[in-house]
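Please work from the sequences and hints to get the whole structure.
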Amino acid sequence: MTADNNTTVRGQAALLDIANLDTDQIMPKQFLRGIDKSGLAPGLLYDLRFDGTGQPRPDFVLNQPAFAGTDVLLAGSNYGCGSSREHAVWGMQQYGFKAVVASSFGEIFYSNAMNNRLLLAMVSEPDAQAFMQEARTTTGPLTMEIDVEQRQVRTAGNSAPFTISERHRRMFLDGLDVIGASLTYQDQINAFAERHWAAQPWVKDVARLTRDRLGA
Amino acid sequence: MTMTIPTTLYQKLVASHTVAVLDEQNVLLFCDLHLMNEYTSPQAFAGLHEAGRGVPVPGQNVAVVSHIIPTHPVRWRTIQDPPSALQARNLKANCDRHGIPLFDTNDPLQGIEHVIAPEHGMVRPGMVIICGDSHTTTYGALGALGFGIGTSEVEHVLATQTLVYRLAKDMRIRVDGTLPTGTTAKDLILMVISRIGAQGARGYVVEFCGSAISALSVEARFTLCNMAVEAGARGALIAPDATAIDYVLAKAPDIAGDMRAQALAHWATLRSDDGAAFAVEHVFDASAVAPFVTWGTSPDQAMAINATVPRPEDITDAVQRSSAEQALRYTALTGGQPLAGVPVQHVFIGSCTNARIEDLREVDRIVGSRHVANGVRAMVVPGSGAVKAQAEAEGIAARLVAAGFEWRQPGCSMCLAMNDDVLAPGQRCASTTNRNFEGRQGRGAITHLMSPAMAAAAAITGCITDVRTLEVTA
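Here the protein sequences line up with chains A and B, keeping their order.
To convert, note that position 50 of the first sequence is 50 in our numbering; the numbers rise steadily by one, no gaps.
With positions in the second sequence counted from 1, the corresponding number in our numbering is that position plus 216.
There is no bait here: all hints are sound.
Some residues of chain A that are not near chain B, with every Cβ distance over 12 Å (derived):
no.	residue
1	8
2	41
3	58
4	62
5	64
6	127
7	138
Only part of the chain B face toward chain A is listed, based on derived beta-carbon distances under 7 Å:
no.	residue
8	242
9	306
10	479
11	539
12	632
13	653
14	659
Bear in mind the hints are in silico, worked out from the structure with no lab data behind them.
Cβ atoms here follow ideal geometry from the backbone N, Cα and C, with glycine treated the same way.
Below, the structure written as structure tokens:
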């Protein structure tokens, strides 16, 4: 992976042509027991990478020596659907992934990735198929270039635009502190809350009032 | 005279919670209630502490130990797994530090997040409710906009009581007609997902409407909205009617007097205007619903019990064909075969989809005086301490135990198998849960999603069975 002026990600891509690959498979349950974000790389795609005895499956793409330096995933549609677990994103990054190219992504996974600067390049379904076909006919990993400035994915044989909102593009390029930015609205949040609770007093402190009513 | 553009319920809920418009696609959204669990919140608290930030509105947040908790039928629960025990201790420490209400491991009211929040009146029409759990869509059943968020967003909500929210598109799913005997909201939502696909509602908030939806109980509506996320939906809504409002008022005694009148007036406005535009509309006929069961490894790979498993060679779409081939390899089924008669080794009745009192009553009704089949392990994990106590008071627990079911403590349990309720490789499970993903209930284990009635039928017969073929008295 190299970055040109921090606006282009160039990497070695592996093809994982599975539609609806859910976050349970990306990061299985047994790796969700921590209270910090560390130690997730071994769990990435665990059941696909390892057999029932914990041995690497030699036929799985990421286990092949030529793919040892993979840092881009070319994935099937609706990648990252299912559970909200952000561990799926953290695990991909800890394994070494910088970007995922697919025709669509699970909605919560998408937000989680953007919040961690894991680049998701959403291309059209025909373009995704073209990249996949190219990956299948390429020996070893497919070199992919994701130009965030131009919103373009390029390979030796294909070039296609990808969708990313301006906000998410800036978050990737600039590393925005989202909470810090939202806290600049603190006065507006406070004023909103006062108006909101005056108009709908039954939504204020509901959790606290309920817990008190039920007894601690 | 002023002309107003008709708006959808979803648009009204967003507008009434928008603190600031950030750009064309994003708003700063005020959140009325934030639920947390022990495994998606620790890193959020850690980030908060690292940045030196606090929780300005602790009373709008609530936490519960739900995912990692063991469900063995013991009075005092001890979490044996050290990392899981640390997660529970850590959650309590974080809640104590910030004054956040908690339902801890041995709280008699502990349970699954999406069961305890509405059953104690915390979910109210018109609210925005978020949680680090994808099944937060459940709350749309009461006209609240609920959706799942990631841990970075959990931290954001803790620090600001708001969320940077990407706007969704509007979809309406109308279901008219009457659900036939032997079918439930679970069968309806499995049918809908199988028709529109696992990403059929991706990017949309779905509003359910129609006579079949109006006829559903609130608990059935929870089941429906809960699983909308399995079609990729970013939220699910049902406009609050008398059924929903009666439920809320019965659970929320603090809404009384003048406030009650004020609330009723506000809730009456929580509906899509006539003529409001939906980007996509689907229409289904409830009378065409049959008991549905999944055959594959994605919730949209589902079929009516009287149909046959699809043959991959008949599927024209290449991606779907390859998914079906892989799914059938995993589930050890063959295209063209019926599901009825396929033996199961395990039956699981539980989860935020189907572990409420009505679900357990239905299981009890189907089982009657029969017994769990030889060689089948059947577990009932009530959704909460309150559900469990209610079922015990009604005699359901005693009858199910006599019938050979295990009667467990509440929790998420084998829905995602994060605790010690894990299936062995190759075991086939009739499950009332929401996800049949590969490995979800245990590596190599096979999950068939179905209704509580169908799971009860499988428990009795030892194989996947059309509940309509069983004799049921009462």
